[in-house]
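Based on these hints, arrange chain B on the given structure of chain A.
2 protein chains.
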Amino acid sequence: MVLVLAGSAFLYLAPSLSLAIVGLLFIVVISYRKTIYEYPTGGGSYYVSKENLGQTVSLVAAASLLIDYILTVAVSIASGIAAITSAFPSLSVHKEFLCLIAIFILTLGNLRGLRESAAIFMFPAYAFVFGVFSVLGVGLYKIITGELIQAAPPAIAVQDPFTLFLLLRAFSSGCTAMTGVEAIADGVPAFKPAESKNAVHTLLVMVFILAAMFLGITFLSYYNGIIPTPNETVLSQLSRSIFDRSFFYYFIQFTTMGILIFAANTSFADFPRLASILARDRFLPRQFATQGDKLVFSNGIIMLGVLSALLILMFKANTHALIPLYAVGVFLSFTLSQAGMVRHWIKEHTKGWQRNAMISFVGMVITSVVTLILFVTKFSHGAWVIMVAIPLFVLVFLKINQHYISTGKQLSLTGTDPAQFPQGLKHTVLLPISGLHKGVIQALSYAQSIATDVRAVYIELDPRATERLQEEWITWGRAVPLVVLRSPYRSIIGPLLRYVDEVEESQHDDIVTILIPEFVTAKWWQQLLHNQTALLIRAALIFKKGMVVTSVRYHLE
Amino acid sequence: MVLVLAGSAFLYLAPSLSLAIVGLLFIVVISYRKTIYEYPTGGGSYYVSKENLGQTVSLVAAASLLIDYILTVAVSIASGIAAITSAFPSLSVHKEFLCLIAIFILTLGNLRGLRESAAIFMFPAYAFVFGVFSVLGVGLYKIITGELIQAAPPAIAVQDPFTLFLLLRAFSSGCTAMTGVEAIADGVPAFKPAESKNAVHTLLVMVFILAAMFLGITFLSYYNGIIPTPNETVLSQLSRSIFDRSFFYYFIQFTTMGILIFAANTSFADFPRLASILARDRFLPRQFATQGDKLVFSNGIIMLGVLSALLILMFKANTHALIPLYAVGVFLSFTLSQAGMVRHWIKEHTKGWQRNAMISFVGMVITSVVTLILFVTKFSHGAWVIMVAIPLFVLVFLKINQHYISTGKQLSLTGTDPAQFPQGLKHTVLLPISGLHKGVIQALSYAQSIATDVRAVYIELDPRATERLQEEWITWGRAVPLVVLRSPYRSIIGPLLRYVDEVEESQHDDIVTILIPEFVTAKWWQQLLHNQTALLIRAALIFKKGMVVTSVRYHLE
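Chains as they are written, first to last, in the numbering used here: chain A, 49 to 605; chain B, 49 to 605.
Treat the hints with caution; some may be incorrect.
To be verified - Pairs of lysine-lysine, BS3-like flavour, derived with a Cα cap of 25 Å:
{"#": "1", "chain 1": "A", "residue 1": "457", "chain 2": "B", "residue 2": "593"}
{"#": "2", "chain 1": "A", "residue 1": "474", "chain 2": "A", "residue 2": "98"}
{"#": "3", "chain 1": "B", "residue 1": "571", "chain 2": "A", "residue 2": "447"}
{"#": "4", "chain 1": "A", "residue 1": "474", "chain 2": "B", "residue 2": "486"}
{"#": "5", "chain 1": "A", "residue 1": "447", "chain 2": "A", "residue 2": "457"}
Stated by the list, open to error - Derived list of chain B stretches under chain A, where covered just means 3 residues or more per stretch with a C-beta under 8 Å from a C-beta of chain A:
{"#": "6", "region": "450 to 461"}
{"#": "7", "region": "564 to 578"}
In short, the hints are calculated from the structure, not lab data.
Idealized CB from N, CA, C, for every residue including glycine.
Isolated chain A (complex conformation):
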C-alpha cells in the first residue's frame, strides 16, 4: 500500500522488499532462539533487559510490551473483522461495532477461563494454514498450466514521488509481519514441558510457515496485479481471483478471522501475565499481582479489553492506522531484548559466547535501524503516540514503585521491639445519634461491651427535639452520658469533629472509637434512602489519626 503511493509502476519492488523482510525475520529468530533457552521463565524482553540493562531500560521494555499487547488485540480484531467485511461488503459500515463485540466476547471468555481451553482455537489455526496454502498451491498450479495469466495492476494516480524514504516506509510497514516472534518469547511458560524446547520448536515452525505465506501471497498478488483497497483485504482479493466466490473463498475468510481472533487471544494471556510480573516487582498496583482471589488475572483482562476497545474506537477500526503504532513498540522490544542478550553473553562467558553475542549484536543493530526507520517514517502517522505513551508508562511505574517501597519501610517491624507497642489501651467510644430507635440501643449495647467511657453525641438542630430526647434517654440511655452539641449553622459534621478534637486533647493516651449505627436495607435502592450522615462522618474522619471507625449494622426487612 505504501508503494502504491508512488503509482502502480513501483509495485515491481514488492517481491524484493518481501525477501528483505524475510531475511530480517530469520536473523531475529536465530537471536531469539537463544533468548528462549536462556530465559525460560518468559517475560521476554522485560526480563532480559532487567537482568542485563538495568531497571529503567527494563521498564521501557515493559511499557512497550504492554502497549503492544493492547495493540495486538486492536490490530488483530480489526484485521479479523476486515476479513469478514471483505467477504460481505454490506457489513463494512458496522465494522467498529463488530470489533467491539469481538473484544467483548474475548474478554468475557477469558474472564471465565477460556485461556485454559485454547484447544478450541486449534481448528481455525490449522484450517487457516490449510486454506492459505491451498490458495498458494492452486494459484501456482494455475500459473503453470497457464490458466492464470499475469495481470497489470490498475493504473493509480501518483500521490507521492518515489524516494528512498518511501521505500523505507514500505520496508518498515512490511516488518510488522514479524511481531509474533516476541509473543512466543514472552509466553514460554505456557508451553508444555520441556517449555524452552517446545517454544523454540514452535517458533521455528511458525517462522517457516510465516515466511512461506508472506512470500507466496506477495508474489501471487503481484503476479495478479492486486493492490490493496480500503474495503477488501489483499488475501480476500487473491482468493477471490483464484476460487471466485465459491464456498472455499468464504472458508478462507472465516478461518482468517478465526486465526486473527486467536492472535488477539494470546494477548489476553500475555498482558495479565506481564502485568502480574510487574506488580510482583511493585511497578503496578498489587491488584494485578497473582495473590489471592480469582480476581487476579481478571483485572488485567478487563483492562486489556477496555483499552483495546478504546483504540478501536479512536482509530475507527482502521488497521492501516493502528499498525504503525504497533510496529514501533515491537521493534523497540526486539532491540532492547537483543541488546540485553549481547550483555548477557559477554557477562556469562559460556561455551560459544562469542558467536552468540555476535548473532545478538547483528540482530540488535538491524532491529535498531528498523526501529529508527519506523520511528522517522511513521512519526506523523501515529508513532509519536507511542513515544509519548512509553515515557508516561515508565513514569507511572516508577511512582508506584516509590510508593510501595516507602510504605514497606514505614510498616516494617525490623529493628523494632514488641515492647514498644502499647498494651493496655484506654478507650473513649463516641456514639453519634440522631434520635432513639432500636438501632441506637443495639449500638449502645455494643459500645458498653467494648469500653467503659461511652458517650452518646447528639447534634441539636431543634431545642424542643433535644428536650424530648433527654427525657427518653433517662429510660433508655443505660446511664451513658448524652452529650448535646449546639449547631447554630445546622451543620452536623462541624460540631462533631470539634468534639472529637476536644476529647482527643483532654485524654492524650486514648483511642477514640466512633461507633456509627448503619442500616442495611433489603433492597439496594433503599440503601440510597439511608446512611447519608454515616457516609459524611466516615468521609470527614478519613484523615484523622488515632481514630477507629466501627459500623454497627441494623438489618431492615
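Same frame as chain A, but now just chain B:
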C-alpha cells in the same frame, strides 16, 4: 405562531384571543388571592390538595409542580438566551451552550447563597418593566402621530387549515403567560411580613403589569404585521421596528434576558423548598429534607440544575418545544389547587364561603377545561411526556414513603422494654491479616483491648509463607491464636466467610467483630494501591447479620 400555521390571514384573531386569555388570568388570580390568605405557609397546590383532596391527588399536584419548576428553568433560560441571540444573530449556533452556561452560573450562585441576595435582580426587573412600557408608549405615540403605519404581515404559506382545534391550540399556547401565578402562591413564606398581604399585593401588581404588557405587545405586533420567526423573538422585532438598532433596543434585549434569568432563579428557591416539604412528609429521600448540614438545599439545587440542563439538551433550547410540556403541568396545578379550595370552603363554612367557593369553582372549571384543551391539542407536541412523568413521580413518592414507614415501624421502641435488650455481650474478634507489619500490631493492640477472644486469621496461599509467619508470630502475636485457613482456589473471601460462619455457629450468643487493618495514604491516588482486600471483605459482609465491622487505620506518610 399557532395562528400563522393557518396563514397570515387569521392573525386578526390574535388580539381577541389575548383578551380572552387576560380574562382567564383575572379569574384565576381572584381565586388564588384567597388561597394565599388561607394557606400562608406556601407549598401552593400541594398543601391545598393535601388538606382537602387526599394524599394521592396531592402527590399528583406535587409531581406536576416539581416538573414545572424544572421546566420553568429550562423555558426561562432558553427564552432569555433567545433575547440575546435575537440581538446578535451570529450567536444563534451557540444557543444550547449559552443556556448551559447560564444554568451552571445560576446553580453555582444558588449553592453559594445567591438566593438570599435576590436584590441583585431588582435592577433588571424594574429595567425590563420600564423598557417594555417604553416600547409600548413610544409605539402608541408613533401610531397616533402617524409615524408608524399599519403593516400587513408577510404572506405565509398555509400549513394547516383553520379549525376550532387550531384556535384552541392558539388559546392554550397563550395561556402559558399565566404560569407565574402559581409561583407566588408557592413562595408565600419568602415575602416580608405580613407575608400573605405582601404576596397578594405582589400578585395583583404583577397581574396588572402582565395584562398590560401582554395586550400591548400583542396589539402592537399585530398592528406592525410582526409574526414570530425562528431566529428572532416578537419583542425583539417589535422594539427593533420602533427603536431601530439603537442603544435602547439592546437595553431591552438585555433586560429581557435579565428578567427571564430572574424567573428561572425563583425555581431555584421553590424546587428545593417543595422537595424538602415532600422529604419531611417522607415522599422523597431525607437528603432533601431540612435536617442537618448545609447540604440541605444543595441537593435540590443541584438536581434542578442537572435536570433542566438535560431538558435544554433534549429540546435543543427550543422554547416552542418546551412550552407545551410546561403549560399542561401548570394548569393541572391550577385545577387541583382550586378544586381543593372548593372543598376547603365547603368544609370551613367561614364568612362568605358560598361566594368564595363559587369563585374557586368557576376558576376550577375554566382551568380544567384549559388543561383538557392543552392536553388534547399538545398531546403529540410533547404533553404525553408529562402524562408519563407525573404517574412515574407519584409511584416513586409512594414507594419511598412505604419504605420509610416500614423502617420506622421496625425501629420504633414503642411497646418494647429496655430489659429486652442484651446487656453483657460476648465477643469474638477476628483480625484478617496478610502478613506481619506495624499496621497489624496496632490492630492487634486494639483487638485485645475490646475483647478477650481475639483470633488472627491468615489465608494460606503459599505454605512456605505460612511457616515463616508462624515463626514470627511467636515473637509478635501476643499469645493470640493464629488461625490458618487453606485456600486451594487462591480465594481470600471464600475461606474467610466460611470461618465466620463456623465461629457464629459454635457460639450463638456472640457478636463477631471483624477488625480490618486499613491504610490511609498521604495522596489520594496512592489509596488506589491499597485496601483492595479490605474493600472486598467489607462488600462480602454487608448482608451478614450479627456482625460488626471495624476499620483500624494506619496512616502512611
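If you test the structure against every hint from before, which numbers come out violated? 1 and 2
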